[in-house]
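Participant: Sequence:
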Amino acid sequence: MSELLPPPPPPPPPGRDSGFGDPALVFPEFAAKQCVLEKVIEEEGEGEDSSYGKGSFDLSSRFSSPSVSRNGFDDVENPRKASSFKRPPSGSRLSGFREEEEADRSRNSGSFVDHIGQEDKRICASGCFRKCCACTCMFVSIVLIIVLLVGLSANSSIKSILPQVLVTNLKFSRLDVAKSSTDLLMNANLNTVLQLSNNNDKTVLYYSPMKAEISSENINLGKKTLTGFKQDPGNVTSLKILTRLRKSKVYDVDATLLTNKEKTLEAVVDVFLRGKLSVDWLGFKVHIPIVIACENVKQSDVINGLKPACDVRTFSQ
Numbered sequence: 068m069s070e071l072l073p074p075p076p077p078p079p080p081p082g083r084d085s086g087f088g089d090p091a092l093v094f095p096e097f098a099a100k101q102c103v104l105e106k107v108i109e110e111e112g113e114g115e116d117s118s119y120g121k122g123s124f125d126l127s128s129r130f131s132s133p134s135v136s137r138n139g140f141d142d143v144e145n146p147r148k149a150s151s152f153k154r155p156p157s158g159s160r161l162s163g164f165r166e167e168e169e170a171d172r173s174r175n176s177g178s179f180v181d182h183i184g185q186e187d188k189r190i191c192a193s194g195c196f197r198k199c200c201a202c203t204c205m206f207v208s209i210v211l212i213i214v215l216l217v218g219l220s221a222n223s224s225i226k227s228i229l230p231q232v233l234v235t236n237l238k239f240s241r242l243d244v245a246k247s248s249t250d251l252l253m254n255a256n257l258n259t260v261l262q263l264s265n266n267n268d269k270t271v272l273y274y275s276p277m278k279a280e281i282s283s284e285n286i287n288l289g290k291k292t293l294t295g296f297k298q299d300p301g302n303v304t305s306l307k308i309l310t311r312l313r314k315s316k317v318y319d320v321d322a323t324l325l326t327n328k329e330k331t332l333e334a335v336v337d338v339f340l341r342g343k344l345s346v347d348w349l350g351f352k353v354h355i356p357i358v359i360a361c362e363n364v365k366q367s368d369v370i371n372g373l374k375p376a377c378d379v380r381t382f383s384q
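If you use the working numbering, the sequence shown closes out at 384, no skipped numbers anywhere.
Everything labelled a hint here was simulated from the structure, so no lab data went into it. We put the beta carbon where it would ideally sit given N, CA and C, even for glycine. Please note: incorrect hints may appear among the correct ones.
What the hints assert, rightly or not - The following label-pair restraints were derived from C-beta to C-beta distances: (1) Val271 - Val244: 12 to 20 Å; (2) Cys202 - Pro276: 27 to 35 Å; (3) Phe206 - Thr292: 43 to 51 Å; (4) Lys314 - Glu280: 14 to 22 Å.
Make a model of the complete structure from these sequences and hints.
Facilitator: Next up, the structure:
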């Protein structure tokens with residue numbers, strides 16, 4: 068007897084994609100997934116983006132023809148294609164994914180803004196520091212230039228008011244050497260006269276007490292303190308410096324040189340005066356330390372009336 072063949076199955080309804088059937092009919096496990104996805108689409112609302120995880124999306128596009136053959140069993144022959152299907156996240160997973168994505172975007176944008184803000188602050192700080200350094204250097208340079216100019220002007224002004232000093236007399240009234248049992252002892256009297264001239268028209272000079280030291284051939288011929296005095300403009304003052312030396316120990320070579328030169332009036336003498344010179348400036352009295360140095364003065368030049376000039380130094384010890 069001939070077996071009765073079952074009636075052929077009804078043709079599947081036409082799918083969304085041309086030439087392929089509905090994946091839910093071929094794969095029964097997709098039916099439940101499709102229902103879940105449709106619920107998610109309804110909750111998300113219509114009109115949103117069709118990208119994955121946002122709004123509605125087409126099931127047929129996700130389960131399209133490349134993974135389903137015409138006979139419906141192509142997935143058995145190509146297991147790699149069948150395994151490429153992934154289960155889309157549920158509604159809660161979709162919303163969580165969207166929240167995480169938005170949080171990442173906000174975090175990235177915030178970190179980018181913070182980075183830009185830090186760069187701006189760093190650039191601003193470096194610029195302000197450079198401007199501050201430039202202003203400070205400019206201010207210090209201006210101050211130094213002003214101080215230098217004031218110093219040069221003051222130095223030239225001070226030099227213009229200094230007195231002129233000349234040696235007008237240099238004479239030994241006594242010079243002898245006595246021999247003791249062990250040493251040579253020298254006795255000397257020296258008369259030195261200095262001429263100080265105030266060549267200023269209006270400036271009055273005030274001399275403080277000054278200390279005088281006279282020496283020749285490494286022999287100290289005596290020290291003396293001179294009293295202070297006042298010198299008016301155009302005035303010429305002579306300072307007499309009388310020094311005495313009694314029984315001072317000297318070396319034989321130095322004593323011999325000095326005595327021999329003094330006999331021929333060729334003695335060379337050094338005279339130093341140290342003190343302060345005061346002047347009136349804008350109602351104030353300015354005190355200037357000075358040193359009057361008369362070095363290598365030859366006795367013969369003074370006797371011949373040459374009047375050797377002395378050097379007046381300021382701010383010297």
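Participant: Does each hint hold? Answer for all of them.
Facilitator: Against the structure, the hints:
1. One distance hint, 12 to 20 Å for the beta-carbon pair Val271 and Val244, is violated here, with the actual separation near 46 Å.
2. In this structure, Cys202 and Pro276 break the distance hint of 27 to 35 Å, their C-beta atoms being roughly 50 Å apart.
3. Under the hint 43 to 51 Å, the C-beta atoms of Phe206 and Thr292, about 48 Å apart, fit the expected range.
4. For Lys314 and Glu280, the hinted distance range of 14 to 22 Å is satisfied, since their beta carbons lie about 19 Å from each other.
Figure legend: structure checked against the earlier numbered hints; hints not met, in rising order: 1, 2.
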